[in-house]
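Visitor: With our numbering applied, the sequence shown closes on residue 1544, and no number is skipped along the way.
Hints were generated in silico from the structure; no laboratory data involved. Glycine included, each C-beta is placed from N, C-alpha and C at the ideal position. No false leads were mixed into what you were given.
Capping the alpha-carbon separation at 20 Å, the derived lysine to aspartate or glutamate pairs in DMTMM-like fashion look like this: (1) 1391 - 1410; (2) 1383 - 1527; (3) 1391 - 1493.
With beta-carbon atoms standing in for the labels, derived distance ranges: (4) 1424 - 1402: 26 to 32 Å; (5) 1381 - 1425: 48 to 54 Å; (6) 1531 - 1405: 38 to 44 Å; (7) 1452 - 1525: 23 to 29 Å.
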Amino acid sequence: SVPMTPDHKIRSASISKVAVGMAAMILREEGVIDLDESIGTYWDVPVSNPAHPDIPVSIRTLLSHTSSLKVFSWDTSRAREDVRSRLQSGSSYMKAAPGSSKAWGYTNYAFGVLGMTLELAADRYLDDILDEKLFSAMEIDAAFTGSGIGGTDRIAALYYHGGAVGRSVP
1375 SVPMTPDHKI RSASISKVAV GMAAMILREE GVIDLDESIG TYWDVPVSNP
1425 AHPDIPVSIR TLLSHTSSLK VFSWDTSRAR EDVRSRLQSG SSYMKAAPGS
1475 SKAWGYTNYA FGVLGMTLEL AADRYLDDIL DEKLFSAMEI DAAFTGSGIG
1525 GTDRIAALYY HGGAVGRSVP
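Using the sequences provided together with the hints, build the complete structure.
Guide: Written out as structure tokens, the structure is:
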């Protein structure tokens, strides 16, 4: 094992939600997205909570963790077609209205849906948007994929709950 230095790259986990939010605001300023429109517009399928079909599941509700999407487990597929199918399934939603405090659920899955929605709207990867508009100007070497950064030999090991350790560039 190599001692960590200030030059090591560290996985930021949930803090990456801030970067996704910044990408959303960049795309909003560019007129690419509407925060309150149904995300179905970007997925090109009808998306709605069947208990509240007139209240859109929107980028704003995804950003605020109030989309009403259920909190899915870590092993739920994030493949685009699986997500598209899940967005159309009534069983994927809580009974609470999107945007309401009762619909709140801190969910990594829904933020993945948000990231995919932004990429669909912009027809670009979030890594490219953030690098062009933010990270390059700040001289930050960051990416959502480990292989998207320089110095992959300096990626710090991940320590998991329970004591497991891992390191993966892909």
